[in-house]
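Asker: Chains as they are written, first to last, in this note's numbering: chain B, 1 to 229; chain L, 1 to 229.
These aren't lab readings, by the way, just hints derived from the structure by calculation.
It is possible that part of the hints are untrue.
Identical copies look the same in the list; a pair holds intra-copy or inter-copy alike.
To be verified - Calculated lysine to any residue pairs in the SDA-like style (CA-CA distance at most 20 Å, straight line):
#, residue 1, residue 2
1, Lys151, Gly55
2, Lys5, Gly149
3, Lys151, Cys72
4, Lys210, His66
Quick caveat: nothing in here was measured; it's all calculated off a predicted structure.
There are 2 protein chains.
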Amino acid sequence: MNPIKAVVFDLYGTLYDVHSVVARCDALFPGRGQEISNVWRQKQLEYTWLRSLMGAYAPFEDITEHALRYTCNRLQLMLSDAELVELSDEYSRIEPFREVPGALAELQAMGLPLAILSNGSARSIRGVVSHSGLESRFAHLLSVEDADGVKVFKPHPAVYTVAEQKLNLPRTEILFVSSNAWDASGARHFGFPVCWVNRAGNTFEELGQKPDHIVSGLDELADWLRPCH
Amino acid sequence: MNPIKAVVFDLYGTLYDVHSVVARCDALFPGRGQEISNVWRQKQLEYTWLRSLMGAYAPFEDITEHALRYTCNRLQLMLSDAELVELSDEYSRIEPFREVPGALAELQAMGLPLAILSNGSARSIRGVVSHSGLESRFAHLLSVEDADGVKVFKPHPAVYTVAEQKLNLPRTEILFVSSNAWDASGARHFGFPVCWVNRAGNTFEELGQKPDHIVSGLDELADWLRPCH
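Bound conformation, chain B alone (with noise of 0.2 Å):
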């Protein structure tokens, strides 16, 4: 592996938990939160994938709204329509997994130039990252957004060029790390070494591609990174 000069982060479900949301869907419907949580996830990914391939992209964030309808749909669940922005609104303050602010400021002392490339708008990885109060820990917030004119989701090979340009490094000098083993596979088809961030103990997808390695959690990074930095 060539050294790493930058590191890219997902953001939804890598750096922030997107199951944040469970509280709030409790709420609103006790005891069902995590199966509330889990469907809307699973429907929110296959719709980025499906729209891209039908070229009917939307923004992430009425994506999101959309697999929460299904998500109310499926389960059987009256939500208004305010309800639903509403809870919708709950992703926009999802929380960061407990070792990344730790972790963020190591690699940065490390003089790292830190970035996040995500499926999400412009807008809403700036509200995300604000409202956790990391904004100085960010070299770039990357959005699909900035993929000019190409209106796909990740793992478009069009989405992680973004990073490539903005960082204005090769793609062999940039670490690519994610949690999500799809948005992992994609990454390194495309040609970035990849860090698999493996929390909950998942499975990899098969996709031909194996992650260059693996941590139980970003407080693992620094560690791994400074011999080769």
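Based on these hints, arrange chain L on the given structure of chain B.
Answerer: Only chain L this time, still in chain B's reference frame:
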């Protein structure tokens, strides 16, 4: 809706029951057949979408094997490479749904050209159809492989275009029939009139499309088409 001049069917899950593989899975892992089949099918679909987006096409039959390998890893099932290939081959012996042979005969008797448009390879489609003795019902067996050089799966418009070109009819006169709500949505977005086959009381996807008609089995199709044919 324009008069319908031909009917194009999805294969996997629409004409043929992908969960026909449950019995074979159960024989290998008693009591776990349905669980294995569910994860396997879900991953098979995800991998067709993800590989299309990544630009890393692989034939559907290879993806079926990859998805089974993932399933075994995740469910911690031991399967030799030979058993894995053997179990994947079950997909070439899946059975039509109970009402399908009669429904196809009835539609054919109305003078409607019938076709299949599937993610499978031309060889797989022929194999499945011939194993069930239904070859004489179809005017065309169409594969994603017929989308010259495009190397993507449904719901990419390039795949639906194959049916329009081979049937030599405007898309508005071709009824597309699928049990897969994401496929029905993709076909509707492409411009086909669409019938969704909802045998199991599923929830339609929220992808900005609605089917033109919904049936609970293919035996309801002829009665619906007769008045406008």
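Asker: One pair to classify: Lys210 and His66, alpha carbons no more than 20 Å apart. Within, between, both, or neither?
Answerer: The answer is between: 14 Å across copies meets 20 Å, while 32 Å in one copy does not.
Asker: Reference check for the pair Lys151 and Gly55, CA-CA at most 20 Å: within, between, both, or neither?
Answerer: Classified as both: same-chain Cα gap 8 Å, cross-chain 16 Å, threshold 20 Å.
Asker: At 20 Å max between alpha carbons, let me know whether Lys151 reaches Cys72 within a copy, between copies, both or neither.
Answerer: Cα proximity of Lys151 and Cys72: none, with 27 Å in one copy and 35 Å across.
Asker: Pop the pair Lys5 and Gly149 into one bin, within, between, both or neither, using alpha-carbon distances up to 20 Å.
Answerer: neither (28 Å within a copy, 37 Å between copies)
In this structure, the earlier hints numbered 2 and 3 are contradicted, and the remaining ones agree with it.
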